[in-house]
Amino acid sequence: MHAFANPARFLRIARPLTPVLLLSGLAITAAALVYGLCFAPAERLQGETVRILFIHVPTAWLGMAGWSAVAAASLVELVWRHPLAALAARGSAVPGAVFCALCLATGSLWGRPAWGTYWVWDGRLTSMLVLLFLYFGYIALAGAVQREGGSSRLPAIFGLVGAINIPIIHYSVIWWNSLHQPPSFGWGGSAMAGPFLWGLLASTLGFTLIFAGVVLARMRALLADVQTEARLRRRAMEEPLLDA
Amino acid sequence: MREALDPWPFVIAAYALGIAGTLALVAWSWWAMRRAERRREKARAR
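Residue numbers (the working numbering), protein chains in the order written: chain V, 17 to 260; chain E, -16 to 29.
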């Protein structure tokens, strides 16, 4: 892990990997969504609304995976002070927030025909909304720390503390009465029928590759900003000496 | 008895939202990365 903390080595790996992840992710996602929209069968109880599964479940997974990445990178930053860990945490926050918002919106659109309502204040929906607010808080805090020059340990601690919400989201449908169905996947596999399961696995893989590509792109942007600022600051300090 | 809602407008809206949101995220991140890296190259060249 320490070997990858070197920015030059990171760039050597990230430069070719970013377009590969994005293009393969977009291709797999497009194929899975065409299958979900046009070829997947209607479900016995839910009818055609089950097609929303192929977009809702991957976005829910990435909304939670995004914060897990923020927490893991924050831990690495706090313990080992890796120079790239803070960038990895910040790079995961925006895509995590976007997928969290997409999960809430697509779930709401699924809820109306399935449950008869767009929104209900139950454990799963409320804890997912709390996650979206945590993302907003993290993004604002990390941005303020970068602008004002504060310690990057502050957003790292926030990222770690916020991780308490991830098991709450996962177990909310088990702990409390909910309109939401139980988890689609468990340790013992999935009870889902083949035509839904394989389409869902493909769309989840595609969206995950896109997420990884976006995180790398955002890390590269953040790293380039840090390096530009450092170079401009060094030049500003050297200039008065040259003038003298 | 209440009639069931037509599910297709909800399905289409969910797909449109998901696809538009994902494409916007990819385009924004790629553009921000290219802009930041160009700025770094300019700062190095000066």
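Treat the hints with care, as some may be off.
What the hints assert, rightly or not - The calculated label-pair distances, taken between Cβ atoms and stated as ranges, are:
(1) V/W214 with E/W11: 24 to 34 Å
(2) E/R21 with V/A252: 40 to 50 Å
(3) E/L(-12) with V/R169: 23 to 33 Å
(4) V/A252 with E/W(-9): 30 to 40 Å
(5) E/E24 with V/W191: 46 to 56 Å
(6) E/R21 with V/R25: 41 to 51 Å
Said to hold, decoys possible - Some but not every residue of chain V turned toward chain E, in silico, with C-beta under 10 Å:
(7) R60
(8) E64
(9) A81
(10) P111
(11) R251
(12) M253
Hint data in this document are derived by calculation from the structure and do not stem from the laboratory. Yeah, the Cβ is synthetic: ideal placement off N, Cα and C, and Gly gets one too.
In this structure, is the beta-carbon distance linking E/L(-12) and V/R169 contained in 23 to 33 Å? violated, 50 Å
Does the interface hint hold: is V/P111 within less than 10 Å of chain E, judged Cβ to Cβ? This interface hint holds because 6 Å falls under the 10 Å limit.
Given hint V/A81 near chain E, where the shortest CB pair must fall under 10 Å: violated, 15 Å
Hint says 24 to 34 Å; check whether the CB-CB distance for V/W214 and E/W11 agrees. Holds - the Cβ-Cβ distance for V/W214 and E/W11, about 31 Å, lies within 24 to 34 Å.
Pairwise beta carbon distance, E/R21 to V/A252, judged against the given window 40 to 50 Å: About 21 Å separates the Cβ atoms of E/R21 and V/A252, which means 40 to 50 Å is violated.
Are V/M253 and chain E close enough, Cβ to Cβ, to be under 10 Å, as the hint says? At 14 Å from the nearest chain E Cβ, V/M253 fails the 10 Å test, so the hint is violated.
Outcome of range test on Cβ distance (V/A252, E/W(-9); 30 to 40 Å): violated, 60 Å
Does V/R60 meet its interface restraint, that is, does its C-beta lie within less than 10 Å of any C-beta in chain E? At 14 Å from the nearest chain E Cβ, V/R60 fails the 10 Å test, so the hint is violated.
Go through the hint on V/R251 and say holds or violated, using the shortest Cβ distance to chain E against 10 Å. Constraint on V/R251 satisfied, holds at 8 Å.
Using the beta carbons of E/E24 and V/W191, state whether their distance is inside 46 to 56 Å or not. With a Cβ separation near 52 Å, E/E24 and V/W191 satisfy 46 to 56 Å, so the hint holds.
Within 41 to 51 Å or not, the Cβ separation of E/R21 and V/R25? This hint is violated: roughly 22 Å between Cβ atoms.
If you take the shortest Cβ to Cβ gap from V/E64 to chain E, is it below 10 Å? holds, 4 Å
When each numbered hint is compared with the structure, violations occur for hints 2, 3, 4, 6, 7, 9 and 12.
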